[in-house]
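Going down the list, the sequences are from chains L and P.
Under our numbering, read the first sequence as residues 1 to 104, first letter to last.
Under our numbering, read the second sequence as residues 1 to 202, first letter to last.
Treat the hints as calculated values from the structure; they're not laboratory data.
C-beta atoms are modelled at their ideal positions from N, C-alpha and C, and glycine is treated no differently.
It is possible that some hints are incorrect.
With a straight-line Cα cutoff of 20 Å, these simulated EDC-like cross-link-like pairs (lysine to aspartate or glutamate) come out [stated by the list, open to error]:
(1) P:K88 - L:D95
(2) P:K88 - L:E3
(3) L:K100 - P:E91
Not the full set, but computed from the structure, chain P residues with beta-carbon under 10 Å of chain L [to be verified]:
(4) F37
(5) T66
(6) G135
Label-pair distances were calculated between CB atoms; the ranges are [what the hints assert, rightly or not]:
(7) P:E91 - L:E61: 21 to 27 Å
(8) P:T137 - L:M55: 17 to 23 Å
(9) P:L158 - L:P56: 35 to 41 Å
(10) L:K100 - P:A122: 49 to 55 Å
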Amino acid sequence: MTELGLTPFLILAAFLFACGVFCLATKRNAVGILMGVELILNAANVNLVAASRFMPELRLEGQVFALMVVVLAAAEAAVALAIFLNFYNNHGSADVEAAKELKG
Amino acid sequence: MNLTVVLFAAVAAVTAVSAIGVAASRSMVRAGVWLLFTLVGVAGLYFLLGAEFLGAAQLIIYVGGTLVLVVFGVMITNQGPFAVLQTKWGEWVVGGVLASGLFALIGTASLQLARPVSTEPAAPTVNELGMSFLGVTPDGQNYLLPFEIVSVHLLVVLVAAAYLARAKKRIEPKAELPAVTGEPASLAVDSQPAESIPEVRS
């Protein structure tokens with residue numbers, strides 16, 4: 001790894017983050033919004049792991065935090081999908097526009 | 001132009017193109033398939049950065065777990081096999097402006113940062129990672145408490161997800177069960193609370 005520095009990874013992570021934000025803004029299906037959140041979390045993880053590779057003082061911490069993010073993202077996906085299923089059973093649609101009133 | 005740069009270019013191209021695919025595809029099924037390639041590409045980036053354990057965990061947890069969960073969510077909540085919810089024209093514009101603005105902002109910020117370049121090869125970190133999660137590092141800096149908190153958190157979340165996902169199904173069969181024929185009687189008895197069985201049968 002002689003020529004490749006931290007910057008290309010940061011640019012790629014910024015691109016992933018932008019794609020995730022675009023996903024959040026344009027998708028109307030709730031599962032699509034969840035996919036955007038996954039993209040954003042992956043962008044943050046790429047940043048953390050790149051920092052752990054190129055900054056010696058963060059060598060272990062970056063990977064530890066990235067692992068925590070992976071686990072919390074899995075938990076978040078499980079809860080979010082359970083809520084979406086409940087919402088779909090109540091409203092008959094996965095459209096987030098239908099979620100204007102949520103009284104169960 | 002060495003091998004690492006070529007590999008990074010290939011993996012980054014796969015990741016970026018499939019991220020665009022996730023954001024731009026209208027069908028949720030296709031977005032899920034694009035998300036699969038994005039996650040595999042990110043795992044390749046981890047391997048490229050010398051984080052072998054994290055790359056394997058990404059493949060197992062994200063590609064093997066979260067993505068299957070998302071695909072099942074798509075399958076259950078879609079009305080048709082390729083049902084599409086139309087997005088308004090203005091939302092595409094707002095989303096595009098927001099995303100490109102954020103990308104420009106973060107890109108310029110990261111171009112102005114220091115550019116550390118690592119000269120030594122990546123050392124394996126799996127051993128140290130496991131030791132620090134178990135709390136037996138020589139320098140006393142460990143992550144035993146976050147590890148335990150995350151494990152209890154996972155348990156709580158799984159119980160909550162199971163409860164949330166089946167809360168509605170208790171109520172719905174009361175209204176719909178008379179129309180359903182051919183359901184095994186023992187199954188219906190087992191899944192219903194005891195006091196509600198006569199009401200369902202009537």
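Mind listing which of the numbered hints don't hold for this structure, in increasing order? Failing hints, ascending: 2, 4, 6 and 7.
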